[in-house]
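Chemist: What follows is the residue order along each chain.
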Amino acid sequence: MTGELPVLLGLLLVAAAGTGAVLVRDPVRQSFVLSLLGLSLAALFLLLQAPDVALSQLAVGSALTPLMVLLSVRKVRRKARSERREERE
Amino acid sequence: MNGWTAAGTALLLCGFAPAACGVATGRASRRVPAQNVATTLLSLVFLLLAQGFARPAYVDTALVLSVLGPAGTLLFVRLLADQLADHPPGERRLRALTVGNYVAVAAVVLPLSAAAGPGRAMVKLLIIGVLLALGSWVATRAVHAAAAMGHGRGAPAEGMSGDR
Amino acid sequence: MTMRLRMWVLALGGLGVAVLYVLACLDLPSFGGHRHPYGDRAVRAALARHTANTISSVNFDQRALDTLGEESILFGSVLGTVVLLRQTRDEDRQQPEPARVAPSVRRYALFALPVTLLIGLYIVAHGQLSPGGGFQGGVVVATSLHLLYIAVDYRALERIRPLGLYEVADAAGEAAYVLVGAAALPAGWAFLGNFLPYGTFNTLASGGTVPLLNAAIGVEVAAGVVVLLARFLDQAVEIVSTDEEAEGRA
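Chains as they are written, first to last, in UniProt numbering: chain A, 1 to 89; chain B, 1 to 164; chain C, 1 to 250.
Just chain A, same shape as in the assembly (with noise of 0.2 Å):
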């Protein structure tokens, strides 16, 4: 049982994070739950022992995901403030 536990735990996480990344509903806020769902299924991939699939999520889970949501908020709300901008004119 107690070598079963760290796998566990990482299933844990993974669950936890997935689960904030869901209810979380503001994007910027949810880009740091991203990340952090990936860290953590990272961490899950690697107890398991399969190094090239944790590989793979950090490689795009620790910069690239937030990066494209961050950037897509910037352009969105740019927009949104010249239209309101607009409107009130």
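Among the hints, erroneous ones may be present.
Said to hold, decoys possible - Computed far set for chain B versus chain A, every beta-carbon distance over 10 Å:
#	residue
1	Tyr102
2	Leu110
3	Gly119
Said to hold, decoys possible - Calculated from the model, a selection of chain B residues having no Cβ within reach of chain A, i.e. all distances over 12 Å:
#	residue
4	Arg93
5	Val99
6	Trp137
What the hints assert, rightly or not - One side of the interface only, derived from the structure: several residues of chain C facing chain B at Cβ under 8 Å:
#	residue
7	Arg100
8	Ala112
9	Ile123
10	Pro131
11	Gly132
12	Leu147
13	Ile150
Worth flagging that the hints you see were computed from the coordinates, not collected in a lab.
Ideal Cβ positions, reconstructed from N, Cα and C, are used throughout, including at glycine.
Put chains B and C on the given structure of chain A with help from the hints.
Modeler: Showing chains B and C alone in chain A's frame:
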């Protein structure tokens, strides 16, 4: 389960999990430094697990995270600079986190290097240690700098001002 | 359909999935265990072909066709993003404001860029020997270039990013995979067969076609991610719709 795996699991539970709570809650000024702590500690967990599973090749995951983790932190700092400037993080807390990172890196990398013995594996471990320490140093500098000068930039196109 | 009816349909579907899922789980072998029929065979085949990393052997040799499919998915999605995020007629380009970054952060980025690039190339090159490979290494390589946007300036990134070249490299990587696969045909093998000499076990040149296919994926992924992020960055930093620009000047 051997001692190294146990140590890795303990660090995952007592180090990474609290840092993860910090990343998931609060303002950007709390999340960004916590994100750096989380990636640093997770790299150390990977190193301990590689030793525990007796698979030196697993060290590559820690190597990748030791450069991509700080890249992620810098990215958050760059794109959320205005939020950091609005509510700058406490100077002393930031320094404490950095010192904590240094201590954790030294406490994990040095015993692992001793266990590896002189050779290629030891050099790789030390490189990862240096990259992690540099990463947390630069993360602190970046957060500090963004908090200090974020407001005076006058470049609304490049920030996220007024949209919280 | 009313909302209520929809909810009922959803509940019914969910219930069905739950029942099937539980039934399937009851039939699963227990967690862990010592009998891995597929794993044993995959490892044996990998060793017979002198590929130290069994995962790479599965990806680029035993199931190379699946990887071609995955690669094409990435290629297709990058293509789709390029079309969706192109500069339309009512949008203009604006020179981005130079970002102010602390000198120490800038110095770190200029040091970390070559280090990250090197680590990415190492992960690609050792794909057939240790964990990693073209996909993982390619993403790391692409991320390393974007340190220039993150910690220096967008214009610095644009200077080292002749986008046309990366678009060509993306297509060339995709084509190279198919061509290496087709090269097996004249040698009397099936498409994507491992027709090259296997080489010495646990050296960089071992594994026959595995390193070649691995490198093709590496080029495709690195170039593809750079092109993908370029579109996102252009939209977020440079491209503005005309009314936005007019308002900016006022």
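Chemist: For every hint, state whether the structure bears it out.
Modeler: Hints, one by one, checked against the model:
1. Tyr102: holds, 20 Å
2. Leu110: It holds; leucine 110 (chain B) is separated from chain A by about 22 Å at its closest Cβ, greater than 10 Å.
3. Gly119: holds, 21 Å
4. Arg93: Correct as stated: the minimum Cβ-Cβ distance to chain A is 18 Å, above 12 Å.
5. Val99: Since the minimum Cβ distance to chain A is about 22 Å, valine 99 (chain B) lies beyond 12 Å and the statement holds.
6. Trp137: holds, 18 Å
7. Arg100: holds, 6 Å
8. Ala112: holds, 6 Å
9. Ile123: holds, 7 Å
10. Pro131: Status holds, d = 6 Å.
11. Gly132: At about 6 Å, which falls below the 8 Å cut-off, the nearest Cβ of chain B leaves the hint on glycine 132 (chain C) intact, so it holds.
12. Leu147: At 6 Å from the nearest chain B Cβ, leucine 147 (chain C) passes the 8 Å test, so the hint holds.
13. Ile150: With a minimum Cβ separation of about 5 Å from chain B (threshold 8 Å), the hint on isoleucine 150 (chain C) holds.
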